[in-house]
Structures are given as C-alpha cells and as structure tokens.
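Could you put the whole structure together from the sequences, leaning on the hints where they help?
The residues making up each chain are set out below.
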Amino acid sequence: MTKILFSDKLDNCVERWKKAGFSVIGPVQRNNISTYAAVERAAELDLGLILTERSIKELFFPQSEPMLQYTIKKDSIETKDFLPPSGQRIIFGARPCDASGMAIDDPLFGWDYKDEYWFQRRNESVIVTIACTQSDDFCMCTSLKLAPDSTKGSDILLRPLENKRGWLVEEITDRGRDAFKAIADIVQESADTAAPLAVVEKKFDLDRSVAWLQNPENFESRFWKEISMRCIGCASCTFLCPTCHCFDIQDEGDTYSGMRRKNWDSCSFALFTMHTSGHNPRSTQSARWRQRIMHKFNYFPGKFSVNSCSGCGRCSRQCPVDMGITETLQEISKLSQ
Amino acid sequence: MKIVARHDEAPGVRTLRLEFQNPADHDSFMETYRTGMFGLYGVYGEGESTFCVASPETRKEYIECTFRQSGRVTSALANADIGDLITFRGPYGNRFPIEEFHGKNLLFISGGIALPPTRSVIWSCLDQREKFGKVTIVYGARTVADLVYKHELEEWLERSDVELVLTVDPGGESPDWKHRIGFVPTVLEEAAPSPDNCIAVICGPPIMIKFTLISLKKLGFDEANVYTTLENRMKCGVGKCGRCNVGSVYVCKEGPVFTAAEVSRMPASDL
Amino acid sequence: MSIEEQYRTRAKELLAGGAVKMVIGYGKGTTGERRRPIFITSPDEVERLVLDEACITNLSGYLVSEGLLSDEKRVAVFLRPEGVRAVNILAAESQLDSDQLVIFGFDVVGNEIKALKGIHVEEFADVIESLKESAPGVAKELLLEKIESMSPQERFSYWQGEFAKCIKCYACRQACPMCYCRRCIVDSNQPQWVNTSSHSLGNFEWNIVRAFHLSGRCVECGNCDRACPVNIPLRLINHRMAEEVLGTFDHFAGTSKTQEPVLASFKKDDSETFIL
Ligand SMILES: Cc1cc2nc3c(=O)[nH]c(=O)nc-3n(C[C@H](O)[C@H](O)[C@H](O)COP(=O)(O)OP(=O)(O)OC[C@H]3O[C@@H](n4cnc5c(N)ncnc54)[C@H](O)[C@@H]3O)c2cc1C
Ligand code: SF4
Ligand code: SF4
Ligand code: SF4
Ligand code: SF4
Ligand code: SF4
Ligand code: FES
Numbered sequence: 001m002t003k004i005l006f007s008d009k010l011d012n013c014v015e016r017w018k019k020a021g022f023s024v025i026g027p028v029q030r031n032n033i034s035t036y037a038a039v040e041r042a043a044e045l046d047l048g049l050i051l052t053e054r055s056i057k058e059l060f061f062p063q064s065e066p067m068l069q070y071t072i073k074k075d076s077i078e079t080k081d082f083l084p085p086s087g088q089r090i091i092f093g094a095r096p097c098d099a100s101g102m103a104i105d106d107p108l109f110g111w112d113y114k115d116e117y118w119f120q121r122r123n124e125s126v127i128v129t130i131a132c133t134q135s136d137d138f139c140m141c142t143s144l145k146l147a148p149d150s151t152k153g154s155d156i157l158l159r160p161l162e163n164k165r166g167w168l169v170e171e172i173t174d175r176g177r178d179a180f181k182a183i184a185d186i187v188q189e190s191a192d193t194a195a196p197l198a199v200v201e202k203k204f205d206l207d208r209s210v211a212w213l214q215n216p217e218n219f220e221s222r223f224w225k226e227i228s229m230r231c232i233g234c235a236s237c238t239f240l241c242p243t244c245h246c247f248d249i250q251d252e253g254d255t256y257s258g259m260r261r262k263n264w265d266s267c268s269f270a271l272f273t274m275h276t277s278g279h280n281p282r283s284t285q286s287a288r289w290r291q292r293i294m295h296k297f298n299y300f301p302g303k304f305s306v307n308s309c310s311g312c313g314r315c316s317r318q319c320p321v322d323m324g325i326t327e328t329l330q331e332i333s334k335l336s337q
Numbered sequence: 001m002k003i004v005a006r007h008d009e010a011p012g013v014r015t016l017r018l019e020f021q022n023p024a025d026h027d028s029f030m031e032t033y034r035t036g037m038f039g040l041y042g043v044y045g046e047g048e049s050t051f052c053v054a055s056p057e058t059r060k061e062y063i064e065c066t067f068r069q070s071g072r073v074t075s076a077l078a079n080a081d082i083g084d085l086i087t088f089r090g091p092y093g094n095r096f097p098i099e100e101f102h103g104k105n106l107l108f109i110s111g112g113i114a115l116p117p118t119r120s121v122i123w124s125c126l127d128q129r130e131k132f133g134k135v136t137i138v139y140g141a142r143t144v145a146d147l148v149y150k151h152e153l154e155e156w157l158e159r160s161d162v163e164l165v166l167t168v169d170p171g172g173e174s175p176d177w178k179h180r181i182g183f184v185p186t187v188l189e190e191a192a193p194s195p196d197n198c199i200a201v202i203c204g205p206p207i208m209i210k211f212t213l214i215s216l217k218k219l220g221f222d223e224a225n226v227y228t229t230l231e232n233r234m235k236c237g238v239g240k241c242g243r244c245n246v247g248s249v250y251v252c253k254e255g256p257v258f259t260a261a262e263v264s265r266m267p268a269s270d271l
Numbered sequence: 001m002s003i004e005e006q007y008r009t010r011a012k013e014l015l016a017g018g019a020v021k022m023v024i025g026y027g028k029g030t031t032g033e034r035r036r037p038i039f040i041t042s043p044d045e046v047e048r049l050v051l052d053e054a055c056i057t058n059l060s061g062y063l064v065s066e067g068l069l070s071d072e073k074r075v076a077v078f079l080r081p082e083g084v085r086a087v088n089i090l091a092a093e094s095q096l097d098s099d100q101l102v103i104f105g106f107d108v109v110g111n112e113i114k115a116l117k118g119i120h121v122e123e124f125a126d127v128i129e130s131l132k133e134s135a136p137g138v139a140k141e142l143l144l145e146k147i148e149s150m151s152p153q154e155r156f157s158y159w160q161g162e163f164a165k166c167i168k169c170y171a172c173r174q175a176c177p178m179c180y181c182r183r184c185i186v187d188s189n190q191p192q193w194v195n196t197s198s199h200s201l202g203n204f205e206w207n208i209v210r211a212f213h214l215s216g217r218c219v220e221c222g223n224c225d226r227a228c229p230v231n232i233p234l235r236l237i238n239h240r241m242a243e244e245v246l247g248t249f250d251h252f253a254g255t256s257k258t259q260e261p262v263l264a265s266f267k268k269d270d271s272e273t274f275i276l
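For the protein sequence lines, the chains are A, B and C, in the order given. Per the numbering used here, the very first residue in the first sequence carries number 1; after that it's consecutive. Per the numbering used here, the very first residue in the second sequence carries number 1; after that it's consecutive. Per the numbering used here, the very first residue in the third sequence carries number 1; after that it's consecutive.
No wet-lab data here; the hints were simulated from the structure. Every value quoted in this text rests on a predicted model; they were computed, and no experiment measured them. By construction, the Cβ of each residue, glycine as well, lies at the ideal position given by its N, Cα and C atoms. Be aware that a few hints might be false.
Mimicking BS3-like on lysine-lysine, the simulated pairs with C-alpha atoms at most 30 Å apart in a straight line are [claimed, not checked]:
#, chain 1, residue 1, chain 2, residue 2
1, B, 210, A, 303
2, A, 152, B, 253
3, C, 165, A, 80
4, B, 134, B, 217
5, A, 225, C, 21
6, B, 2, A, 114
7, C, 21, A, 334
8, A, 145, A, 225
9, B, 210, A, 225
10, C, 73, A, 225
Only part of the chain B face toward chain C is listed, based on derived beta-carbon distances under 10 Å [claimed, not checked]:
#, residue
11, 46
12, 47
13, 71
14, 72
15, 75
Some chain C residues close to chain A (C-beta under 10 Å, calculated; not the full set) [stated by the list, open to error]:
#, residue
16, 161
17, 165
18, 231
Here's what the structure looks like:
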C-alpha cells in the first residue's frame, strides 16, 4: 500500500495549505502564456501542460527586483534595503527538470557570499514535483543523466496514477514531509499503481561531449562559428533557462531618490562583457555561444560539480532560429566520435 | 564614504581620497584590505564602478582610487565634490602575495591609467623597503600629459633605492622630455632587467600586457614569477552575476591578481 | 520541377560558377514543422536547401551581419515579399548595396509555394505594389478586431497585461531586420533613455520606443512576434503603426530602394509646419 493524493481532493489541499499559512503556486495559463503563478483554487492550475513556457526560476530569481532605495538629503543619504518578500510557499506541480534546475543553482548562489535573495526564497519554498508522463521533441532530461521522475531539488515527488485519478506521494525532504502534515488526513492509502513515465530519448552522449569541451584545442575550433552562424543573440534562451543565473545591477532614479535593482542579464549580449574602453573579450556571437556551452558543461561543473543544465529543452523549444543546447551537444558528440 | 580630497592626475584622470563615515567600517576594511584588492565605488542614481584600491595596504588612514572619466559612473564620480558622499563596497578579490616577494628584486611595469594598481603594490613594498632587493619601475603613457601620479614619479626618480624608467609613446613627448620615447615592451627590452631572483608585476591595457609578457619571456622571466591584474567587467564583485568570468575563473573572486602562468591557462581569445 | 528543386539548381550554378559566395536559405529544423536559416557556401550542399510553406522567417536581417557584404562579393538570399521590402529599406537607409544580392523570391499562397520572378530588388516592384493594395499583415485577425473594439481604458489595461510579461530580452529587436543599429537606444546609458529594468515602466518605454522606431519601416514580416518568448502580440502594434503611416502619409514601407524614409523626410506641402 502506498500514499495517494487524489486529484479531486486537491482543492481541499490548497485550502488547507493556505490556512496553514502557505501561498500556493503552480503552473497556469495566463495572459496567453504558461507560467508559474499564485492560485486561489486548484481549478486554476493547469497540470496537463508538458512544461510551462516560463521557468520556475522566476519564483526564486525574478527578472527585476529592487535591492535598495536611496533618498539623498542635504547632508545625508538615507537608504533602505529590500529583502525578498518572505512567506512560506508551496509550488505545486513543478516538473523534475525545473526543480532540478533550482538545486543546480544552489551552489552558485551559496559559494563564498551567500545570496540572501535566493536563499530566503529557497528556504521558504516547498517544491511539489509531478513526474512526467508525457514529453515533447525538445525534452532532454535523460541526456543530462536526469529523468522524468528525478527527485533532485524536489521536496515531494508525485507520480501520476495509471487511472489518472491522482498521484502517488513520495516524500523526499523533511520540508516536504512537514508541508504534507497539513494534509495528512487527505492523503490516503491505496493500491493504485503509477502510470508509465514519459519516454525521453537520449539525444547525445554527455560524457563524450564534455570531454570534447574540456580539450583546450577545441576552444578555437571552427565548429563554434559554424554552429552559431544563425544565432541572432536574442538571449531568450538564457532568460527562459531555469539554470541561467547571470544578472546586472542598475540604478534608476535621479540625484534625489531612486532604486538600485538587480535585473536578468545574459552572456548572449555583446554588452555583457564589453569594457568601457570598447574592448570586448567576447566580441562575436560565436564567442558568446561558446561561452554559453562552455559555461554550462565545462566551467560550471568544474567549479560546482554539476552541469548547469537540467535538460528542460526550453532553449531549443523557444529559439527563433531553431538553435539550442541540444543541437550543439549533438553535433559535438558526433565530432568526438 | 566621504570625499576628503581630489587630485587631477592627467586629462580626464582623477584621484579621490576617501574616508569611511563609520569607524567600524574603516576598521573592518583595513583589517581585510591587502594590496591588489578592488572595490565598487558608486554614485546613487548612476551605479557602481570597479576600481582597484590605489592606496597601499601600509597606509591606514584613508583609501584612494584613481580613475579615468569614461562613462556614466566615472563621470558622476568626476563631478563629485570634496565633502560629497559616495558608496563603496569592498575590499573584494585576491591580492599580491607580497610577503612571498621578500628578499627578491622587484620589477614593476605599467602603462597609462593602469598605474593605480601598481602604485598600491609599489608603495606597499617601498613602505617596508628593507625587505626587498632592487626595485625597478618601468612606466609609460601615450603622452607626457597622460602620465599619472606625476608628483610621486618625481619622488621615485629622486630616490636612490628605486630605479624608475619613464617612457612615452613616439610622438607623445614634450620639448623638454628627458626620458625615453618608445612603447613599454620595447623600452623594457632595452632596459633588460635581469630575471634572476626577480618578481615582475605588470598592469596595463590588455594589448600592453600581451606584448609585455612576450618581452618578459624573451628576457628569461618564468611565468610563475610574473604577476598581472585582469580588468573584466564586473557587477556583483562576489561571484554571482557571471559577468567577470574568463573560462572557469571568477576574476572578482580568484582575481584580479594572477600570475602569467595562470593567465596563460585561460582561453586567450576570451580575455 | 518543383520550385524547391529549381532554386537548388540555381543555387548550385551560382555557387559553382563563383557568382555568389553564399546562399542564405532555409534548411530542415529540429522537428518536422520547423525550418531554420542555413548558410550554404559549397555547391555540394545545396541539397540541404528546403522551400515550403514552413519557411516563414525573414532572412534579410542576416544581410547586415558584420562583415558579410564588406568584401563586395555577392550573396544570394531566399526572400518573401516582406523580405524584399526589408532589403529595399536597408538599401534606402544605406545599410547595404542591393546590387550585391541575388534574390530567390517566393511567396506562400495558401499551402502553395509560388516563385517570384526576378533577381534584383527592382524587379519585384509590381509584387510589392500589389501588396500595398491588399493590406498585408494581420488586418483580418480576430484579436485585432477585439482590441479595436475596446475602450481606451480597456485597451490600455490589455497592453499593460501584455507588456507586464516582457522580460527585456530584446529578441524582438534582434530578430528584426530593421533593428540594425550597432548601439541601440536602450544600450546607451549617457543619458539612459530607457530604463533597463523589465518592470512596467521600463517595459512600456521599450515597447513604445520600438514601435516608434519601426513606424514607416516595419514590413510586417512577423519575425519579432515569433521571436518574443513571452508571446506578446507585437504584430498588432506594428500593424497599427503601419496602418497609421499608410493612412496619414500614403507611405508603404519598402516599395523601392530609393524610397524616402517617411519619418525622416519633409515635404514642402506637409500639413505640419513645425519642422521648418
Ligand atoms: C578589478 C578592476 C580594477 C579596475 N581599476 C580601475 C582603476 O583603478 N581605474 C580606472 O580608471 N578603471 C579601473 N577599472 C575599469 C573601470 O571599472 C571602468 O572603466 C569603469 O567601470 C567604467 O565605468 P563607467 O560607469 O564610467 O562606464 P559605463 O560604460 O558608463 O558603465 C556604467 C555602468 O553601467 C553598465 N552599463 C553600461 N551600459 C549598459 C547598458 N546598456 N546596459 C546595462 N548596463 C550597462 C556598466 O556595466 C557599468 O557598470 C577597473 C576594472 C576592474 C575590473
Ligand atoms: S541560440 Fe537562439 S534563443 Fe539563444 S540567443 Fe541565439 S537566437 Fe536567441
Ligand atoms: S540550457 Fe536549455 S535545456 Fe538546459 S536547462 Fe537551460 S533551457 Fe533547459
Ligand atoms: S550560459 Fe551565459 S547567461 Fe547562462 S549562466 Fe552561463 S554565463 Fe550566465
Ligand atoms: S518590427 Fe517585426 S514585423 Fe516589423 S520588420 Fe521588424 S521584425 Fe518584421
Ligand atoms: S521579445 Fe518580447 S519579451 Fe523580449 S524584449 Fe521584446 S517584447 Fe519583451
Ligand atoms: S563580478 Fe559578478 S561574478 Fe564576478
């Protein structure tokens, strides 16, 4: 016998969690886009989506957020620091790739200086992931050694039932267990079985591609130019990516008052690295694309022992010129044969 | 921090002397600060800019920065008056391991506005002169007017325990220029300092660093004894924003001070 | 012979004879329905070229990639009528020399591919002229009708909702052949004309600036709309501006390579006098 959460009880759960002080967030279709957003009722959730277009990272690392506010008076400067809004949250219905993505970024935000914006939100969020029973042409978690039922980054993993009436509950972390205490009486014991997982084809040999990337000779390979010729440098692949974490800091306001903000930024932009003198270490789009691949599969793992990609496929799904991590790694894995 | 003094070094280049408002900040800064480290200096409404701390670790009353007015933040800083408050975060980054230089000869090579980081190490060493061997400084700028810290250059010229080689690029000399004319790497090769028991410190624009490294190699310097600083675009200064990365290196954390050996392991075309 | 095959043959001849150094066309994409831009430099590769109704990206933006045309060698490019219009504008704005181009013109009518006769931009004048009559773009789209029937307040809040999604990725700019500025207004910070943050003010500023900079220049190719990762219906804004420019100045962007840019020129008989 295993623990089951029946979908017709989901509304009770939402109610319970809200009563227990959690806000409930999940995949929704809003304003013509699928994204994670706060809901009042379970019916607002769209749990049938393969994957939301916008990634879960926005819940931890929003596109633009205030860091401090300044007011300049005659002989003094007053500042007010902004900390991320606090509050316990349940993120219900995340996908394994999105949840993994958050765990992938933890070491980055945690090494040396601990980023309070990230960790405040991480510590107050319970990620309830639903394993995938369907996938599309762009899903590639298996190529990254993850799976449609990876538990990485999740506090609870739900496996959809064969009969579609609910989910098998797997408690992963204490935080997950605690959150599910609030609905302990709603979760039932049953002998129902889980539906088969999505079959996600392995698209490339990760180890082989990584070995190629690690070979310094390949840094200047013609490959980079050829593969990235059509890239228009739009950065939407990095902005939608759950694991891309680069940002900019900007002041907005005037001499008397204003705001210092932290905004998403991307290595796909020429300005990202351009010195004020005009010298740009990565002056071509191919150098920037190389950086993106190298960073995700060579530099980041070198430092934090994990690839900076969870295989969600958004970069390839979204790219206006049909590029993406998948194609590049596929080609590299061919090159290194 | 409060601006307590300003000094124009060269056209568009200005030094600010700064004091912390809060004594506790001063103390904790001085406790951590070692030569080579940098800070983020800012003006509210305009943003923050990265400069090295140009004052040496041996002087603990104030800090100084020297910058070229080149963009939004540096313009705002250049317009700031004595008594104005600016923001500061730091010190960040690594340092020149000067205690490892004890007993060795020192060769400082610098170009243009890159003297500030070198100056910080130079004074840090000169303030404990007895611990080091021969000190040679090769400094060049485009024109005579572009030389920074002119008063300190005079002082070094006069000191018998410092050899200062000054140069300006061809065409940049003034009628009464008594020193060398030529690019830094060429002048360096002419001066031909001995690599024996010698540590070299180079700071300058990427192109100068590149050619100077070649010259030092010719002179027989071992890459492990050559130190330099990288000046990559930075934002957070604390290893988060990703901007300063060169290969797997976070320049803001693992730098800005590197040995030439470390630099040669970085992807050259990404520098 | 299908048009795809005809064009492959022509591409092969041009490349083999050295008449062009590159053919910019479409190739197979990741999935069955996707096509991607490809750059062919060898006659042996022409088989990779694909031409069908899925070839919708306007490829003219690649023509102004840094260095591509600077060696004065010729380049062939697959273009739909909007692409030809875009080339006319780029030529009129001195961004390229259209004599360096060999055009593989085509259009999609229903599910059919139609070849457009001609090699040089001038030869497509009739096609473009007929477009002007038929009001291209999204004129008949339901969403447009819905928005036009809204009250100003409703319309404002509709766009507020849409722009709130904007993440300032500038994919719309990067995808647009008309957005070729080496330093875009949003990239200049002295002064900082447009806030770089993607909060509601910054997003409004950006989208309005973009709309204005494209007025009288947009050819309604839809690249921006398709590139926007958060599905903002940018095509509607462009279309509205194009309609406005057509109605007010009788200007249809990109009819010829000598066409005067509508917002950067002045006629003596202009009803406004403030410019002089
Ligand atoms: C370790 C280190 C030490 C240095 N030491 C010195 C020194 O001692 N002296 C010195 O003169 N210089 C030094 N520099 C170089 C110095 O940091 C730059 O010259 C300086 O930051 C220029 O700033 P600015 O605001 O005037 O330039 P701007 O080009 O106006 O940039 C303003 C800020 O906005 C950002 N920015 C600009 N345009 C955009 C845009 N469109 N969108 C988003 N963001 C944008 C930039 O990243 C920058 O932070 C050092 C650099 C480093 C990394
Ligand atoms: S790979 Fe695609 S999505 Fe990413 S920057 Fe290039 S064109 Fe844009
Ligand atoms: S790189 Fe692409 S596949 Fe990997 S996590 Fe980012 S968006 Fe997903
Ligand atoms: S791929 Fe680029 S934008 Fe993404 S995390 Fe790495 S450096 Fe940053
Ligand atoms: S604004 Fe959009 S539709 Fe108009 S030319 Fe540019 S990309 Fe095409
Ligand atoms: S493509 Fe869309 S999200 Fe990106 S900047 Fe343009 S309008 Fe905003
Ligand atoms: S400056 Fe942000 S990571 Fe180095």
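Hint-by-hint comparison with the structure:
1. B:210 to A:303: Cα-Cα ~27 Å, so holds.
2. A:152 to B:253: Roughly 28 Å separates the two Cα atoms, so the pair holds.
3. C:165 to A:80: OK: residue 165 of chain C and residue 80 of chain A at ~27 Å, within 30 Å.
4. B:134 to B:217: holds, 20 Å
5. A:225 to C:21: With a Cα-Cα distance of about 17 Å, the restraint between residue 225 of chain A and residue 21 of chain C holds, given a limit of 30 Å.
6. B:2 to A:114: holds, 28 Å
7. C:21 to A:334: holds, 27 Å
8. A:145 to A:225: holds, 28 Å
9. B:210 to A:225: holds, 25 Å
10. C:73 to A:225: holds, 20 Å
11. 46: holds, 9 Å
12. 47: holds, 8 Å
13. 71: holds, 7 Å
14. 72: holds, 5 Å
15. 75: holds, 7 Å
16. 161: holds, 5 Å
17. 165: holds, 6 Å
18. 231: Holds, because the Cβ-Cβ distance from residue 231 of chain C to chain A comes to roughly 5 Å (cut-off 10 Å).
The structure meets every hint from the earlier list without exception.
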